[in-house]
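Okay, here's what each chain looks like letter by letter:
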Amino acid sequence: MARRTKRIRVTVNGERYEKEVSPSKSLLDFLRMDLNLTGTKEGCGEGECGACSIIMNGKLVDSCLILTVEADGQKIQTIEGISRHDRLHPLQKAFAEKGAAQCGYCTPGMIMAAKYLLDHNPSPTAEQVLKAIAGNLCRCTGYGSIVDAVLSAAKER
Amino acid sequence: MKVVGQGLPRVEILEKVTGESVFGADVRLAAPILIGKILGSPHAHARIKSIDARKAERLPGVKAVVTAQDLPPVKYGRFVRDEEYFAHKKVRLVGDKIAAVAAIDEETAEEAIKLIKVEYEVLPHFTDGVEAMREGAALIHEEYDQYQALSMVEGRKGNICYHKQTVQGDTNRGFQEAERIFEHSFYAPMVHQTYIEPHAALARVDASGKATVWVPTQAQFFIRASIAEIFQLPLIKVRVIPTEIGGGFGGKMLPTIEPAAVALARKSGMAVQIVMSRAEDFQVANPRTPCHLRYKTGVKLDGTIVAREVELVFGTGAYCGNGLVICQRAEMLASGPYRIPNVKIDLFCAYTNHANCGPYRAPSGPQISFASESQIDIIARELNLDPVEMRLKNAIEEGDTTPACGGPLKSVHAKETLLKAAEAAGWKERRREKNRGRGIALGYWLVGGMASSAGVKLNEDGTATVMTGVIDLSGTVTSLGQIVAEVLGVELDDVHVRTADSDFAPHSTISAGSQALRSMGSATKWAAEEVKKQIMEVAADKLEAEVSDLVVEGKRVYVKGSPERGLSLGQVGQLSLTHKRGPIVSIQSVSIFPNQPAISAHVTDVEVNPETGAVKVLRYVAAQDVGTAINPLSVMGQVQGAVIQGLGQALTEECIFQNGRMLNPGFLDYKIFSSLDAPRVEVHLVEHAAEDGPFGAKGIGEPSIIPVPAAVANAVYDAVGVRISDLPLTAEKILMAIQEKNKSG
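Chains as they are written, first to last, in this note's numbering: chain S, 1 to 157; chain A, 1 to 745.
None of these hints come from the bench; they were simulated from the model.
Just a few of them, taken from the derived set where beta-carbon distance is under 7 Å, the chain S residues facing chain A: (1) Gly43; (2) Cys44; (3) Glu46; (4) Glu48; (5) Ser83; (6) Gln92; (7) Phe95; (8) Ala96; (9) Glu97; (10) Gly99; (11) Gln102; (12) Cys103; (13) Pro108; (14) Ile133; (15) Cys140; (16) Gly144.
Taking CB as the label site, the calculated pair distances span: (17) S:Glu127 / A:Gly7: 23 to 29 Å; (18) A:Gly666 / S:Glu127: 23 to 29 Å; (19) S:Asp86 / A:Glu460: 24 to 30 Å; (20) A:Leu663 / S:Arg84: 45 to 51 Å; (21) A:Val74 / S:Gly58: 51 to 57 Å; (22) S:Glu18 / A:Gly666: 32 to 38 Å.
For glycine and all other residues, C-beta sits at the position ideal for the given N, C-alpha and C.
Can you build the whole structure from these sequences, using the hints too?
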C-alpha cells in the first residue's frame with residue numbers, strides 16, 4: 001500500500017543520513033529500524049520510562065515521543081555515539097565497575113540522562129543525580145549504585 | 001579463595017554499557033522480518049459465537065492470519081491441561097488470544113487486527129478469588145472434570161482448581177493451650193513484575209519445519225517444551241535462542257507471544273517478530289497472584305507461639321498456568337520462619353477472569369510475610385513484648401522443621417540475621433519523634449535446587465569455556481565463571497561464559513526460585529573439578545610425576561615443592577590433543593537439593609505526613625543470610641534492588657481492574673519507584689558457608705523482597721498508630737485510617 005513519505009536529513013553520532021520516512025514514524029523506531037541503532041530501547045512508548053533517552057541538539061529527550069520528521073536537520077547522539085575509538089566514556093566505565101547495570105535494559109537511556117547532567121553540571125551532588133535520572137526507570141538496581149557510578153564518573157572526567 | 005568472594009563486574013557488562021547487547025526486540029536477520037500483532041478479547045468472560053478473519057487476510061501487506069484452526073487441537077498446561085493457545089469457544093480474560101496477524105509493517109498489522117470480526121455472548125465474570133469460589137458462581141471452566149491434570153492437583157471443585165490442607169501437630173489442642181488467640185485478615189492485590197523490557201519474540205520456520213525462536217526468557221527449556229507441545233513437534237524441531245533479558249522477576253517463564261510468532265512464521269514462510277506494548281504486557285503477562293490471607297495465632301503470655309492456622313485464597317487467573325507453583329511455595333512459607341508445634345494451612349487456588357498469575361520474585365513470599373509479620377507485630381504490642389524479642393523467642397534453629405519444608409532444616413541463621421538487622425539499625429537506642437516510626441519484619445524463603453547440567457572445557461591456550469544454558473538474571477553467569485576460575489586456578493578473564501541456546505546447551509535449570517546458582521553452580525563446579533583432574537592426568541604423564549603430587553594454581557600445574565617442574569595450562573591444553581586421553585572437557589549433572597532457609601530481616605524508619613497520609617521512607621536496613629557470597633557486588637545489587645521493588649509493592653503498586661480490564665496499564669498510573677522515591681538501602685550480609693551449594697552459596701535473587709511490605713506496615717503503625725491490612729499502603733488509606741482513629745479516639 002502506497003503511503004506518503006518525507007525525505008529528511010539527520011546527523012546521528014556524527015554520521016549524516018538522508019532517508020525517506022513515514023510521517024508517523026517515531027524517532028525511536030527510525031533509530032532502531034532504519035539505522036539499526038538498537039542500543040536505544042523502548043520500554044513503554046509513552047515517554048514514561050526513559051529507556052529511549054537520547055540527546056538531540058544538546059537536549060535530553062525521549063525519542064519515542066518525537067516524530068522522525070521533527071528530527072530533520074538535527075544532531076542526535078545515542079549510546080552508540082558516546083564511546084570514541086573503543087575508549088569507554090567515563091560513565092560507561094563507572095556503570096560497569098559499580099554494578100550500576102544489572103539487566104542492562106534501562107542502561108543506555110540512563111547513561112544518556114547522566115551524560116546530559118555531567119555535560120551541564122560536571123560535579124553534581126547525589127541529590128542532583130537523583131533528580132537528573134528521575135525520568136529513567138530502573139527495576140533492578142534500586143538506583144543507589146547508579147548514583148555512585150555517576151558521582152564516580154564525575155570525579156574521573 | 002582468590003576469585004570466589006570478589007565483587008567483580010559482570011562478564012557481559014561492556015556489551016550492556018555500550019548498547020551492544022541484543023535484547024528481545026533487537027534481533028535482526030538477513031531476511032526481512034514481518035511485524036506480528038495479537039487480537040485479544042475485549043471481554044473478561046464470554047462465549048465466542050463466530051470469528052471472521054477474511055477481510056484481514058485480504059488486506060494488502062498482510063502475509064498471514066492465524067486462529068485456533070491453524071494449530072493442532074492441543075490443551076496444555078504444566079499442572080492442569082486447561083489452556084488452548086488461541087481461544088475459539090470461550091474467552092476467559094481481557095486479552096485472551098483469538099487471532100494473530102503478520103504484516104509488512106506495524107500500521108498494516110494493526111489495521112488487519114481491526115478487520116477481524118468476532119461475535120461474543122458476554123458472561124458473568126470474577127476478578128476476585130473469594131467471589132469466584134462462592135457457591136453457585138458461574139463456572140469459568142465448565143468442562144474442568146474432563147481436563148487432564150497431574151495427580152497432585154487435589155480439591156478441584158467449582159472454580160477452585162486446587163485446594164490443599166497441610167497439618168502439623170493439632171491446632172485444636174494448640175489453641176486450648178494458648179493464653180491469647182489473635183485472628184486477622186489481610187489482602188495483597190495483584191502487582192506486576194514490571195521489567196523494563198516488554199515481552200518480545202522473533203520466530204522463523206525453516207524448510208525442514210524446524211522453528212527457531214529468539215526470546216528473552218528465564219526458562220529456555222520450558223519455552224522449547226511448550227512450543228513443541230503446542231505444535232506437536234519433537235524437541236529437536238524447536239530451537240530457542242535466549243537473547244539478553246531486560247528483567248524477568250518471574251514474569252518471563254511461560255510462553256505468551258512465542259507460539260503466535262511461530263504460527264505466523266510457519267504460515268507466512270517469513271520471519272515474524274512480536275513485541276508487546278506496555279499496556280498489553282500489564283494486561284496479559286503473568287503478574288503476582290492477588291491473595292486473601294487469614295491468620296489465627298495462639299500464644300502464651302511470654303510470646304511463645306503454640307498454634308497457627310492460615311487460610312490463603314489465591315485468585316490465579318483464567319488458566320492454571322504456574323498457579324500451583326505459588327501454592328506449593330505458600331504451603332512451605334505460610335507459617336513463617338518460626339518453630340510452631342501446631343499448624344494448619346488451607347490453600348485455595350481459584351480461577352478468576354484475569355491474566356494467569358505466575359511467579360514474581362519470591363512467589364507468595366511478600367503476601368505471606370505482610371500478613372504473618374504484621375500479626376506478629378500486633379501480638380508483640382498486645383503482650384507488651386519487644387517485637388525483636390518475640391521473634392527471637394520463636395525463630396527456627398538448626399534442625400527445626402516447618403510444614404512441607406522437606407525435613408530438618410540445615411544452615412539456619414534466623415536469629416543471627418534478625419539480631420544483625422536490629423543491631424545495625426540501632427533498634428534499642430532509638431529516639432521517639434512525632435509521626436515517625438520504626439518497623440521490623442522477617443522474611444522466610446527456602447532455596448531448593450533443580451536438575452541441571454553444565455560443561456567446562458580447557459582450550460588449547462589454557463583458557464576455559466563454560467557450556468551452560470542458564471539465563472543470567474542476577475549475575476549467575478559471572479558467578480559460574482568465578483567458580484570455574486577458582487577451581488582451575490585462573491582469573492575470571494581466562495574463562496569464557498555466556499548462555500548457549502537450547503540446541504547446544506546441556507539441560508539447565510530455570511532462572512527462578514533463587515536456586516539457579518546453587519544448582520548450576522554445583523554442576524559447573526563438579527565439571528571444573530573433573531577438568532582439573534584431567535589436567536593433572538595429562539601433566540603427570542609429561543612431568544613423570546604422580547597426580548597426587550601435582551598442584552594446579554596460577555594458570556600452571558606443577559610438582560608440589562618444585563614449581564619449576566611444571567607446565568602452563570596452555571601447554572597442557574596443547575598436549576591433551578596428542579595425549580591418549582584427548583581434549584579436556586567434562587559435563588556434569590546434579591539433581592534435587594534439600595531446601596535451605598535464606599532468611600531476611602529488615603528494619604525501616606518512616607515518616608507519615610498526618611495531613612496527607614503519605615509515607616516517606618527515611619532509612620532502610622536489610623540483613624540477608626546468603627551462605628557464601630560468590631560475588632558480593634551482585635549480591636548487594638540483588639538485595640538493594642529487591643528492597644526498592646518491595647517498597648513499590650508496599651506503598652504504591654496495584655493492578656486495578658474494571659470489568660476485567662486493567663485501568664492503570666502504564667507507568668504513569670502504575671507507579672513503580674523512581675530515583676526520587678528510593679531510599680538508600682543499607683545491606684548487611686550474614687555469611688556462613690552453607691551445607692551444600694557451590695562454595696557454600698545459598699540463593700539471593702528473591703528473599704530480600706519478602707519482608708518489605710510488613711516492615712513498612714509495622715513502621716507506619718509505630719508512627720501514627722494505624723494498622724493497614726490491605727496493600728498497598730497508599731496515602732489515602734492511611735489518611736482515612738488516621739481520621740477514623742481520631743474520630744473514635
